[in-house]
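Chemist: In case you want the letters, here they are:
Number of protein chains: 2
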Amino acid sequence: MQNIIRVDMSNLAVTKESEPDEYQLLGGRGLTSRIVSREVAPNCSPFDAESKIVFAPGLLTGSLAPCSGRLSVGAKSPLTGGIKESNVGGTAGQVMARASIKALIIEGKPSGKERYVLEISSTSVKLRPANDLAFKTNYEVGEFVASEYGDKTPYICVGPGAEHLLAVATVAVGDMEGRPTRHAGRGGMGAVLASKGIKAIVFTGTGRQKLPQDDQGFKDVVKEFAVDLVNTKKALTRFGTAVLVNVISENGAMPVNNFRHGTFDDVDRISGETLAKNCHDRGGKTGHGCYAGCVIKCSNIYHDISGNYLTSALEYETIVLLGANCGLRDLDQIAELDFICDNYGLDTMETGSALAVSMEGGMLEFGDFQGMKEMLHEMGRGTITGKLLGQGATVVGKTLGVGRIPAVKGQAMAAYDPRALKGTGTTYATSPMGGDHTAGNCLPGRTGLDDHKPEGQVEASLDAQILTVLCDNLGLCIFVGPVGSSLPFFTRLVSCYTGNRFTGEELMSLGKNILREEASFNEKAGISKYQNDVPKFFRTEELHSGLVFDVDSRELSAIFE
Amino acid sequence: MQNIIRVDMSNLAVTKESEPDEYQLLGGRGLTSRIVSREVAPNCSPFDAESKIVFAPGLLTGSLAPCSGRLSVGAKSPLTGGIKESNVGGTAGQVMARASIKALIIEGKPSGKERYVLEISSTSVKLRPANDLAFKTNYEVGEFVASEYGDKTPYICVGPGAEHLLAVATVAVGDMEGRPTRHAGRGGMGAVLASKGIKAIVFTGTGRQKLPQDDQGFKDVVKEFAVDLVNTKKALTRFGTAVLVNVISENGAMPVNNFRHGTFDDVDRISGETLAKNCHDRGGKTGHGCYAGCVIKCSNIYHDISGNYLTSALEYETIVLLGANCGLRDLDQIAELDFICDNYGLDTMETGSALAVSMEGGMLEFGDFQGMKEMLHEMGRGTITGKLLGQGATVVGKTLGVGRIPAVKGQAMAAYDPRALKGTGTTYATSPMGGDHTAGNCLPGRTGLDDHKPEGQVEASLDAQILTVLCDNLGLCIFVGPVGSSLPFFTRLVSCYTGNRFTGEELMSLGKNILREEASFNEKAGISKYQNDVPKFFRTEELHSGLVFDVDSRELSAIFE
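Residue numbers (my numbering), protein chains in the order written: chain A, 107 to 667; chain B, 107 to 667.
Hints may be right or wrong, so weigh each one.
The list cannot tell twin chains apart, which means a pair is met if one copy fits it or any two copies do.
Said to hold, decoys possible - Dumping the calculated SDA-like pairs for lysine to any residue here, alpha-carbon to alpha-carbon at most 25 Å: (1) Lys630 - Pro148; (2) Lys479 - Arg144; (3) Lys258 - Thr312; (4) Lys559 - Asn149; (5) Lys215 - Glu648; (6) Lys630 - Asn149; (7) Lys635 - Cys150.
Quick caveat, the hints were computed from the structure, so don't treat them as lab data.
If we strip away everything but chain A, and leave its shape as in the complex, we get (with noise of 0.2 Å):
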């Protein structure tokens, strides 16, 4: 048995409550949005002391099922005023899990500006007060982190970003090294978690793996699992997801210049190839796991030209959207741009579409490093201009009078063109979660439907997001590939685990309730089914390659209907 700890930041009090029932089958994603529904009034205001936000391994999170080690974070969104989830790798779930917890909710807030760390081992969770730590750096938390409680301690913390409350400001969580390279990055998390008084939640002691029921029949599926994905995502495991570079640039949907071209005319400088090598011979790393148990282990280690550690994550989204879509073609540079977002704590995505919305504005020169390297450390610092930068691309945009802002529902698209990548541009627009690839990603010959076309894009996203929306209810990372073909594992794990045997079509149901529930806390926070679309010039501006984005929208605002 489970149990579901609240810390009520108003009161300092801590209260452990064992797990409903009806919660048996809900973990990470499916179990923050239930809590977020039922427990967060929707025209609140994210920062309220009635705001919540919720911690939730996934159902498999702290079970030996590969790549199973994801945490969910869940709250209403200060970037989109809707419901959120933003997942996560790195140590922390795992040990939550195997702590016995299920959720922890933080609610309340000090009447002051009181910061504390949130102390979480296997018997107890205490609050301990920790003022000198405001507007430390991720980094600096690390530091503090392993120094008192000894290094590689799992840890949760957000950076000065959240504490100036940013919409693009990232939950961070420690990596097997203990650096804070690991976000919960869409939607504001962290500056929800901020506003709480939360600079840190640290676990000590390591708990007991979670136990299936039928504990032979859970451990062939996780083998033959395992070998599966060993077998299949080798290339994530070479390149990291900068794999995708090169097949996401000659499908034509890479966002160039704040998606003015879905081609780059210098791929190979930043193509996962080139992070490999770069990896490889400056004593770097690829091939790096989240969490134990991750056999894919597509992170990477990455050393500047000296040797010298850089950053470590440097992922596809980042790479296009803090570097080509910004008029960047050196990974170098991208890989210092991402260490600053990672340090103060901002999502590189939102972060490099906010600033290519304000190139596109006129704030800055598309391709001008220096001046980005100034933004993010204005965003750090918090100033009038970081917290505007740090509103995220919408609301830059807005404030510029930019008429081409590629986000929907207020967050900022990911690094796919919708107009070539039609499956995801249909998850974009429709997802409860905003512009956001990892709610439903239909990558290049996954839907087996022609991308660049409309027909069967609806309901081939509404599969891709039923089934991620699975994964992150299993605390699955997404690079399982959440495609038809990975069900009857998912079915055969959960069945295992719980002891009762769940068909298929239960399970894709359980995911379609999850979805509809988070559509309708959005629909009562003021968000309707219209605005289940792309912006317009996506659908009257052309890509060189001649193609809009053209899946009709009445198909778009009944998807989930």
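With the hints as your guide, set chain B onto chain A.
Modeler: For chain B alone, coordinates are given in the frame of chain A:
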């Protein structure tokens, strides 16, 4: 027969269409909302080429009806993202109506940054290149018009705030002295006009008075209505709208320091009596009309202590939102800020509220007059800080992490606290226009209800909204009082004007349909009925009187059903 003039700024083409029969009863807001609903895509960007801005004099504007000189300006709003109508006095509405123009639609967009003056006479409509007027202030444009076209030539223009595409940018209209002191202030209509490359619209020639079908009947009603208004609106004539300072503070509904308090301890220094005394003692004027035929004359000309012209039409909303709500206590200071706003073309209400919210967010201190002046100049210059403030209270508050943002659907509330004036609060919550008093103000004593109690406010607000939309349709100033007892005057005026007999119910039904059409546009723009509410803090944070806003939120979301 009147005409619809269409100016396409993409190719500088002017076309003239005869008035369609179905527009027979429409004018002002009814007509701008109808045309925007029909011709503008709800999901377009307000600054797209396909966005349009519509000017329409009221149905009775240009006739002898008292106080009937209003001109409506409608578009998709860059402030709210929804449909917007903002109407204005000054001399342009009448001359436009008398030039047989039922509506002027400006559409398309020049490819570059060209500026034009649109010259309208009774016989021709022409575009004149005017790049040298770029970023000229409204008073400078007023001087240009006087020197080029003659003293007191009626005109419409936009200031630098509009050219920076600020969402608080106004459309200015010349007053009886030829000064740009009348503003269609709300919703950023100025930015939409500026985005089309139009810097000014100038009306040469006088045209001819609109002739009612039943001329004698019309004259009889006009006389009766005018006598009634002169007798009942004496306080407005004597003190201007500032007569409300004492009334509203006594009611406990005056916003002070970003809606922290409902009464002001220094009312005498900013009251209508003080304003009138300053005007008379210093060579200014009260009892000043917007246009010929106004019998209320609530405007004023305000001189500084040395007797030099400072500003005109210093109004209650400005005095409170740019004054008391920002912690100012000096009428001369407020008058100076009013002049600066008029000159740059900034809505004093949205700007005042944005400044108060910025004070709550720590950018300025409450009462910092010099700081406020500097911020207004930043807005006029279009700096990053100026552009941020120019997005209005909602964006400023979001950016600074302020939880207490007194706005609905992106538009700042007027100078009546919804907790103490619950009918007006209901109008803020439900009007398709956002937090707008001009959409149905329920002033103390007007509804016959206890303003401090929730009972009956939804019905009262709906009535006020329908009567107000009728005023806006007819071109009558809302100071004629959109109350049940004026309906017979409206009915008789319309019946005599059109030559067809209308009942009060028929007119009320017309008004209701206009409101529904606006709400329907908003719905398709993604603004759902669940946004029909005041911000949560008004429901939880008590005024000193103990009052909170407690009108049932389900009734609010269902008001137009």
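Chemist: Each hint should be assessed against the structure and marked as holding or not.
Modeler: Hints and how they fare:
no.	hint	verdict
1	Lys630 - Pro148	both (6 Å within a copy, 21 Å between copies)
2	Lys479 - Arg144	neither (41 Å within a copy, 46 Å between copies)
3	Lys258 - Thr312	within (12 Å within a copy, 82 Å between copies)
4	Lys559 - Asn149	between (38 Å within a copy, 23 Å between copies)
5	Lys215 - Glu648	between (48 Å within a copy, 19 Å between copies)
6	Lys630 - Asn149	both (7 Å within a copy, 20 Å between copies)
7	Lys635 - Cys150	both (20 Å within a copy, 16 Å between copies)
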